[in-house]
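Chemist: Chains as they are written, first to last, in the working numbering: chain A, 1 to 498; chain B, 1 to 263.
Take these hints with a grain of salt, some might be off.
Claimed, not checked - Capping the alpha-carbon separation at 25 Å, the derived lysine to any residue pairs in SDA-like fashion look like this:
1. B:117 <-> A:455
2. B:117 <-> B:81
3. B:117 <-> B:95
4. B:117 <-> A:454
5. B:117 <-> B:256
6. B:117 <-> B:98
7. B:117 <-> B:87
8. B:117 <-> B:85
9. B:117 <-> B:143
10. B:117 <-> B:262
11. B:117 <-> A:456
12. B:117 <-> B:99
13. B:117 <-> A:477
14. B:117 <-> A:382
15. B:117 <-> A:481
16. B:117 <-> B:76
17. B:117 <-> A:178
18. B:117 <-> A:384
19. B:117 <-> B:220
20. B:117 <-> A:291
21. B:117 <-> A:353
22. B:117 <-> A:478
23. B:117 <-> B:259
24. B:117 <-> B:106
25. B:117 <-> B:77
Simulated from the structure, these hints should not be mistaken for lab results.
So you can see what is in the structure, the chains are spelled out below.
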Amino acid sequence: MTPSPDPSLPATSAAPGGPGVVEGRWPVEHVVALAPTAAAAAAARQAAVPASWRAAGCDDVAVWGLFTGSGAEPYETCVELAEPAFRCSCPSRRTPCKHALGLLILWALGQVAAGARPVFVGHWLARRAARPAVDDPRGAAAREADPEVEPSPAATRTTTRARGDDQVAPPPPPGPADQRAAERAARVASGLAELDRWLADAVRGGLTAPELARYASWDAAAARLVDAQAPALANRVKRVGGLVGVGAGWHEAVLAELGIVHLIAEAGRRLPHLPDDLADSVRTAVGWTVRQADVLGRAPETDRWCVVGRSDTLEDRIVVRRVWVRGERTDAWALLLSFSAYGQSVDERFQVGEAFEADLHRYPGRGELRCVVGVVHREPQRDPVPPLTSSLAGACDQIGAALAGVPWLERWPVTVLAAPTLDHGRWVLSDHSGSLPIAGLPADWPSVVALSGGRPVAVTAEWTPAGLVPLALHAEGRSVDLGPRGGFHERRRERERT
Amino acid sequence: MTAAASLADHWEALAAGGLLGTDRRGLVPPPPGPAAHLAEHRVPAGSGEGLLDQVALLTALRRAGVRPGPPRPLLLGAPVDDRPPCSERAVAVLGDILAEWPVLLDEWLAALLAGGKRLPADLVVPLLGRFRADPRRRAAVMAGAGSLADWLVELFPTQLVARRPSPAAESPLPPLPPDIARLAELDGPVLAATLAEGLARAELTNRLRPLLVRLVCTVPAGHLAPCAAALHRAGTHPATMGLALGLAELATLRHTMIQELLP
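Use the sequences and the hints to build the structure in full.
Modeler: Have a look at this one:
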């Protein structure tokens, strides 16, 4: 089973019910994909600050709020979710404006609570309900009469296409959803082709080229991918940019990642020729989202799930929390992802050292580990039983099998019984079968050594291409959470950028 | 150009090509095997794409083929400490003390030693780090951690070795003034009633808070439970409600601490 290859950001939560949870809501990347430009997406993120909003609320139909901008009066913002359609009293002519997108990001992150509709939302929805449907040619005329109604860009494109198709009258015309999917596929394919050209140019000129030393070059390539609706790959490209010039042998790390990005770009353009499960993994790596409702419709895996590791990273001001769980009966691994806006509380529902009985529903994809929590049969409780361990050689076998199935994996969980020790001044984990390096010593590393006392101890870690990242240590009848919190390294990069 | 002799050589050639650029360095033919097979069956659009093809293949092979390095000699392990670690509840109390009631910290460390317990291993590094410039508390932590502390300081000198004492390092507090110290000599129920009455009538006000806090930290352990209960009930006057509840929390915390750490 493999995890989603560092899912792009932001995306759906796997943990319904907790803070920052987005159960039944759109993934944030879906919202960001609605932005007409990368700049608009960035502006929307700036507007996605709870302190800027008053009276924000939502129901099954719409999301609304009052944005405190530079004007004397707050902007009345609302989004009708089905189409979606947008309304905002701000002066921007862009549709959707940054306020509507910012509000949707907050909603997707679970930062907008359900509530009763204010009057302005009720009036707007009532006017919309009284109008012809968007796909009805009469709808366009009706909108011209009422500029307050702002269909989404996708809906606008659909309308335009429908008008043009009237003369051809194909039998039967594809539905709006099909057309949108086809348009997105074409846009993604075009973006991947452009990315591949950029990659090839980069290695033709060499990795020491001055422009590759600037974050702006990587960010621009990533922004083009966001425009092409490939946000997961965009984030990966940004991460590669963060490796340039870092440590000895950085060029090998960057080159290897560029090769993997090239592989994903190639695979993304050959989806119809790939086995279904691999195609799903490629879609995830590119940034196609899967509706949480669809995942919840997949067969559940019922088990007592032990929380054995946790790690946080920060990407685009979104804290990504990975919680690694392992089934007691099946020994299967699963990954619970959650997201929260930077500075907001993260999902603390599942703590390392606890276990819970639940149905987990796995995302599609080859050996996919990412799951959504379905029915919880027993809430998390402290679990004193240490997880099963393997030797370092056994862990390498597990990692190798996962990577053979999905070569672009960025992390893989293992629990090993090994001792921390020094190898020519560098910390490694070692056992009778061999040794593996520790990737970028975590701040809590001395505590790992303290807990081990220099003897073999059960450690849950994430394999990454740079080495093992220790997440938790299981000793003395309990588990100690040592995983990175809040994305320290990413925060440092953010500071450097600004 | 001659073909690379092995996949390792091929990777080195690819890395050099990527660093300098294929426009300058060109592509080295791959060695026989999967890399050569790829090169035969896929015609890249240019040298850049050809290099990326080979890099992708070798990266996938190298990562999927990850193997551990040779076993390394283990560290000379920390000497075994026969004392049992203190309970998780005692650790939780310490967390509350560090966050809210540092006035209890010295007593917590002293009680740990008096109770014949040791610090859990995961607390040793954070506490040694926290008190690097506070010789008195650092010594208490070293004693609580036992031989593990010396072992760790040797391994991580830059993080854990003692610093020059900070002027801000707290020194022991002076004795209580006589009128407050007198309260500490009362029987538990009398003390509890006196405190509750004084707070309910707003005779004991926030002005006296530091002294009352020290009083609660001074009274015998057996008085703490009745005091905590009385202080909870005394939180009725608007002017002293916060003070009463704060003192009640302190008394409860100290009571739990003593129960957990002392036999």
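Chemist: So which hints don't hold here, by number, going up?
Modeler: 17 and 20
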